[in-house]
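Fit the two chains together into the complex; they arrive one by one in their own frames, and the hints show the way.
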Amino acid sequence: DTEVTQTPKHLVMGMTNKKSLKCEQHMGHRAMYWYKQKAKKPPELMFVYSYEKLSINESVPSRFSPECPNSSLLNLHLHALQPEDSALYLCASSHDRGRDIYEQYFGPGTRLTVT
Amino acid sequence: GDSVTQMEGPVTLSEEAFLTINCTYTATGYPSLFWYVQYPGEGLQLLLKATKADDKGSNKGFEATYRKETTSFHLEKGSVQVSDSAVYFCALSDRTGNQFYFGTGTSLTVIP
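Note that the protein sequences, when read in sequence, are chains A and B. Take 1 as the starting number for the first sequence in this note's numbering and just add one per residue. Take 1 as the starting number for the second sequence in this note's numbering and just add one per residue.
Just so you know, not all the hints are guaranteed correct.
[As the list claims (entries may be wrong)] In silico lysine-lysine, DSBU-like type, Cα no more than 30 Å apart, as pairs:
#1 A:Lys-19 x A:Lys-53
#2 A:Lys-22 x A:Lys-41
#3 A:Lys-40 x B:Lys-60
#4 B:Lys-60 x A:Lys-38
#5 B:Lys-77 x A:Lys-41
#6 A:Lys-36 x A:Lys-19
#7 B:Lys-68 x A:Lys-41
#8 B:Lys-60 x A:Lys-36
#9 A:Lys-36 x A:Lys-53
#10 A:Lys-41 x B:Lys-56
#11 A:Lys-22 x A:Lys-38
#12 A:Lys-41 x B:Lys-52
#13 A:Lys-40 x B:Lys-77
#14 A:Lys-38 x A:Lys-9
#15 A:Lys-53 x A:Lys-38
#16 B:Lys-60 x A:Lys-9
#17 A:Lys-41 x A:Lys-18
#18 A:Lys-36 x B:Lys-52
#19 B:Lys-56 x B:Lys-77
#20 A:Lys-53 x A:Lys-22
#21 A:Lys-40 x B:Lys-56
#22 B:Lys-68 x A:Lys-40
#23 B:Lys-60 x A:Lys-41
#24 A:Lys-38 x B:Lys-77
[Claimed, not checked] Which residues of chain B face chain A? A partial, calculated answer using Cβ under 8 Å:
#25 Lys-49
#26 Phe-89
#27 Gln-99
#28 Phe-100
#29 Gly-103
Worth flagging that the hints you see were computed from the coordinates, not collected in a lab. Here the structure is a predicted model, which is why all the values come from computation and not from measurement. Ideal Cβ positions, reconstructed from N, Cα and C, are used throughout, including at glycine.
This is chain B alone, in the form it adopts within the complex (with noise of 0.2 Å):
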């Protein structure tokens, strides 16, 4: 079935270090691709998606490109921030759009 592998965390960094945070999938056809951020006490919020092979999401100076060859879904920021510290989830939705796929999460904390 589908399914989403994502890095395991937790991960630190100090403000304006490079993130990336890796997420690999396995889906039949061709699945739609999301980054979603949880921060502490709250809901999930869409941070970006991709829907084909080759589009880039991106928003808040987050990245992420959808490579079909690697079957990869990777999150980037150049240079973070301490209110990035949150929970990122890879998800992927499958072709019914009915079912998401999460990954389990990476807990990232920015340092000042």
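In isolation and in its complexed conformation, chain A is listed as follows (with noise of 0.2 Å):
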């Protein structure tokens, strides 16, 4: 089973709102990460959770607050966005052993609208 699972698939959310994004593997893999897409361009790395515990933040700004609950969940909690923050949100998660290179693995994203 190669698949990432992502809810809701579509989110219309106001400027005030506090709402969340939920992905999940049954891959035993080990990273996680959060994308942002826009139209038309290539994903954009937003963080990456090695093992549970936060490696890499791409200077995503805070009202983008990510968490990792267990190996197998990985959320993203929003509030206060901007219309600008419209985007599909990509999940991905990949194997973590070391030096080796592994492949990711992406659900089919959440499409979010900001109002």
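Below is the structure:
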């Protein structure tokens, strides 16, 4: 099974709302990622978790707050977003075993619209 | 730093035509290389990969060869189908495995 699931599929939120995006994988992967993708652009890395610890934060504004409750789950908490944050948010996972390099598996994404 | 340069699109082909999408990379050391495909409204799917020089990745009729001498990883398919219409991303993984560098993506439309 090479599936990464994401919920919800679509989300519309106002600038004062608080919402969360969820991601789950059951492949035994120990690295998980959040990406933001704007239309007709490649994904941009936001956060990387390795063994449930935040290892990379690509200078993402604090209105995005990641959380990794366990090795299978990854959340992205959203608060006070701006309209320019509207995008497709993708979760990915991969093995993380030191020097070997493994491919990332992506979920279907959450289409976020901020009004 | 590491980077990927991908051929500009969009590309429009007739069904059964030959496809080439060019990808070149810049990297220190020996990266792994990938092609991902994104169908409309979906996430990215791994299409194929190569982890060392002269490796050939292949899947669903697509193939790409890791060429260290030309720092290239061009995607090819001998006969495209309408169902191949999608955006294709070339990607490179750095030595830590945590950072992916994506190309800008190439949109392919196959017409009957």
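Results of checking the hints against the structure:
With a C-alpha separation of about 22 Å, the suggested pairing of A:Lys-19 with A:Lys-53 holds against the 30 Å cut-off. Only pairs whose Cα atoms come within 30 Å are accepted, and A:Lys-22 paired with A:Lys-41 is accepted, the gap being roughly 23 Å. With a CA separation close to 24 Å, the supplied pair A:Lys-40 and B:Lys-60 stays within the 30 Å bound. Annotation: proposed proximity of B:Lys-60 to A:Lys-38 holds, straight-line Cα distance about 27 Å (limit 30 Å).
Proposed proximity of B:Lys-77 and A:Lys-41 is supported: the alpha carbons are some 23 Å apart, at most 30 Å. Restraint check for A:Lys-36 and A:Lys-19: satisfied, since their Cα atoms lie roughly 16 Å apart, inside the 30 Å limit. A distance of roughly 27 Å separates the Cα atoms of B:Lys-68 and A:Lys-41; the hinted pair therefore holds under the 30 Å criterion. Distance restraint check for B:Lys-60 and A:Lys-36: the Cα-Cα separation of roughly 28 Å lies within the 30 Å cut-off, and the hinted pair is therefore satisfied.
Taken as a hint, the A:Lys-36 and A:Lys-53 pair is honoured in the structure, with Cα atoms around 20 Å apart against an allowance of 30 Å. In summary, the hint linking A:Lys-41 to B:Lys-56 is supported, as the alpha carbons are separated by about 27 Å, within the 30 Å threshold. For the hint pairing A:Lys-22 with A:Lys-38, the CA-to-CA distance comes to about 19 Å; that is within 30 Å, so the pair holds. For the hint linking A:Lys-41 to B:Lys-52, the alpha-carbon distance of about 27 Å falls within 30 Å, and the restraint holds.
A C-alpha spacing of about 23 Å is found between A:Lys-40 and B:Lys-77, which places the hinted pair at or below 30 Å, so the restraint holds. As the CA atoms of A:Lys-38 and A:Lys-9 are separated by approximately 16 Å, the hinted pair is consistent with the 30 Å bound. The hinted pair formed by A:Lys-53 and A:Lys-38 meets the criterion: a straight-line CA distance of about 27 Å does not exceed 30 Å. This hinted pair checks out: B:Lys-60 and A:Lys-9 have alpha carbons roughly 27 Å apart, not beyond 30 Å.
This hinted pair checks out: A:Lys-41 and A:Lys-18 have alpha carbons roughly 26 Å apart, not beyond 30 Å. Simply put, A:Lys-36 and B:Lys-52 have alpha-carbon atoms about 29 Å apart, close enough for the 30 Å limit, and the pair holds. The hinted pair formed by B:Lys-56 and B:Lys-77 meets the criterion: a straight-line CA distance of about 13 Å does not exceed 30 Å. Using a Cα cut-off of 30 Å, the hinted pair A:Lys-53 and A:Lys-22 holds, with the two alpha carbons roughly 17 Å apart.
For the hint linking A:Lys-40 to B:Lys-56, the alpha-carbon distance of about 28 Å falls within 30 Å, and the restraint holds. Proximity of B:Lys-68 to A:Lys-40 is assessed by CA-CA distance (about 29 Å); at most 30 Å being required, the pair is judged to hold. Distance check on the hinted pair: B:Lys-60 and A:Lys-41 sit about 25 Å apart at the alpha-carbon level, within 30 Å; holds. Only pairs whose Cα atoms come within 30 Å are accepted, and A:Lys-38 paired with B:Lys-77 is accepted, the gap being roughly 28 Å.
Here the hint on B:Lys-49 is kept, as its CB sits about 5 Å from the closest CB of chain A, short of 8 Å. For B:Phe-89, the shortest C-beta to C-beta distance to chain A is roughly 6 Å, which falls under 8 Å, so the interface hint holds. Because the smallest distance between the Cβ of B:Gln-99 and any Cβ of chain A comes to about 7 Å, under 8 Å, the interface hint for this residue holds. The interface hint given for B:Phe-100 is met, as the beta carbon of that residue sits about 6 Å from the closest beta carbon of chain A, less than 8 Å.
A hinted interface residue such as B:Gly-103 counts as satisfied when its beta carbon comes closer than 8 Å to some beta carbon of chain A; here the least separation is about 7 Å, so the hint holds.
Taken one by one, the earlier hints all hold for this structure without exception.
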